[in-house]
Every structure is written in structure tokens, then in C-alpha cells.
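Asker: The chain contents come next:
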Amino acid sequence: GAGVSQTPSNKVTEKGKYVELRCDPISGHTALYWYRQSLGQGPEFLIYFQGTGAADDSGLPNDRFFAVRPEGSVSTLKIQRTERGDSAVYLCASSSGTGLNTGELFFGEGSRLTVL
Amino acid sequence: EDQVTQSPEALRLQEGESSSLNCSYTVSGLRGLFWYRQDPGKGPEFLFTLYSAGEEKEKERLKATLTKKESFLHITAPKPEDSATYLCAVNDMRFGAGTRLTVKP
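Here the protein sequences line up with chains U and E, keeping their order. Heads up, the final residue of the first sequence is numbered 138 in the numbering used here, and it's a clean run with no missing numbers. Heads up, the final residue of the second sequence is numbered 278 in the numbering used here, and it's a clean run with no missing numbers.
No wet-lab data here; the hints were simulated from the structure. All C-beta atoms, glycine included, are put in the ideal place defined by N, C-alpha and C. Any given hint could turn out to be false.
[What the hints assert, rightly or not] Pairs of lysine to aspartate or glutamate residues, derived as DMTMM-like cross-links and limited to a Cα-Cα distance of at most 25 Å, are as follows:
no. : chain 1 : residue 1 : chain 2 : residue 2
1   : E       : Lys215    : U       : Glu42
2   : E       : Lys215    : U       : Asp108
3   : E       : Lys241    : U       : Glu66
[What the hints assert, rightly or not] Sample of chain U residues at the chain E side, in silico, Cβ under 7 Å:
no. : residue
4   : Gln63
5   : Gly64
6   : Pro65
7   : Pro83
8   : Phe87
9   : Leu113
10  : Thr124
11  : Gly125
12  : Glu126
13  : Glu131
14  : Gly132
[What the hints assert, rightly or not] Now the in silico label distances, taken between C-beta atoms and shown as ranges:
no. : chain 1 : residue 1 : chain 2 : residue 2 : range
15  : E       : Ser201    : U       : Asp85     : 34 to 40 Å
16  : E       : Glu188    : U       : Lys39     : 44 to 50 Å
17  : E       : Glu231    : U       : Glu131    : 24 to 30 Å
Turn these sequences into a full structure, and let the hints guide you.
Answerer: Below, the structure written as C-alpha cells:
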């Protein structure tokens, strides 16, 4: 597809379980962002990749959260020992180099995570 | 640390009733201020980038302006389809909490 694809669209898990969320960016986009959005709030920055490397991971809330982008395309957000407070919509966005200069990110529709 | 504050949290307008949304920011150096629109259940969609005080951008019924401390998103004669949450972000793509706009027919 032409847009940013996120899977799964919905994930329900139990407290303490491990979860992986996947993001397929737009082909050729070197920049990739992960955000977390709770109801009624704006997107909360988690991590930013430029190519394969995490250029800024200052938004990851604690060491239970980890993200990878091994080949500079698909990215996976990994959450260990999930807690109920991790319940949110996790958004992924990508951008080209030119787009990054203009602030134009292309967002996926998000993965809704519910931790019971 | 860059900070963005949006007001009001929610705004209800009648169709055709023009108004403005505010985005106040605190940054050490502004590299860009960005406006996005988000519909329920969707990811945000890019609207505008503003780089320097005095700059303005327009798109249909929307006009974004920028000063040294804040940005305004002016909505002229809004229609129900303009109902959405409007988000602003600065520099390293840190977003504010958004303004939820509802336009009644």
C-alpha cells in the first residue's frame, strides 16, 4: 500500500505479557517516529529513527519499552511486562528527508493496545 | 525542553461562525511550528509548517499565523466537515494536547 501500515490494529493482552507492534513506513522514507496517544491527549513522542539508528529515544518511558529498525524500513516497538497504564493507541509516522525539513509526517492509523 | 500548550481544549461552533485556535510554545530556538488535523480513529494529517514570526499559510477555510510566542489557526466560516482535533507541534515533532473542534450545522 501507499501509506504507513501498522499491525495489529487492535491488541488485547494481560498484565505482565510481552507485546510487539509493527510499523511499515512509506517506501523510501528514512525517518520513522513512534508516538503513544491516550484518549483526549495529543501524541506523546517515544522514539525517532533516522535510517537504522535511533536518533532520539528520549521519550521512551522506561526500560520496558524498546524499538528496533534493523534494515531501515520496518520498525517494531516492543513492550515487556506490560502494565495497565500502557493501554493507549500507538502511532507510527514516517517522513522523507525533504518532508522532515517541512515537518510533514505521514501517520498510520495506529495500534490500539489494551492491557487487562 | 520544548513545550507546546494549546487552547481551548474544546471549541463548539455553529456552521459559519469563524474563530481561532491557539498554540503557545516555549523553545530555545524555533526551527518550525507544525499544524495537524486528526479525525477520530485516524492518525494525524499534516496541514502547515511555519518557520518564522509573521509567516502565514492558508488552505481552504484555514489560515495559520505565527508570532514569536504563539501560533493561531483561524477558521473562517467553518463547515461540519471541519470538525476534528487540531494539533500543533514544534521542532522535534513534540505535539500539544490539541483542540477538539465541533462545528454544528
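Asker: Taking the hints in turn, state whether each one holds.
Answerer: A quick look at each hint next to the structure:
1. Lys215(E) <-> Glu42(U): Status holds; Cα separation ~20 Å.
2. Lys215(E) <-> Asp108(U): This hinted pair holds, its Cα atoms lying about 19 Å apart.
3. Lys241(E) <-> Glu66(U): Distance of about 24 Å is within 25 Å: holds.
4. Gln63: Check passed: Cβ of glutamine 63(U) comes within 6 Å of chain E, closer than 7 Å.
5. Gly64: 4 Å, holds
6. Pro65: 5 Å, holds
7. Pro83: 15 Å, violated
8. Phe87: The hint is violated - phenylalanine 87(U) has no Cβ within 7 Å of chain E, the shortest such distance being about 17 Å.
9. Leu113: This interface hint holds because 5 Å falls under the 7 Å limit.
10. Thr124: Since the shortest Cβ distance to chain E is 5 Å, the answer is holds.
11. Gly125: Since the shortest Cβ distance to chain E is 4 Å, the answer is holds.
12. Glu126: 5 Å, holds
13. Glu131: At 6 Å from the nearest chain E Cβ, glutamate 131(U) passes the 7 Å test, so the hint holds.
14. Gly132: This interface hint holds because 6 Å falls under the 7 Å limit.
15. Ser201(E) <-> Asp85(U): 34 to 40 Å: 28 Å, violated
16. Glu188(E) <-> Lys39(U): 44 to 50 Å: This hint holds: roughly 47 Å between Cβ atoms.
17. Glu231(E) <-> Glu131(U): 24 to 30 Å: 28 Å, holds
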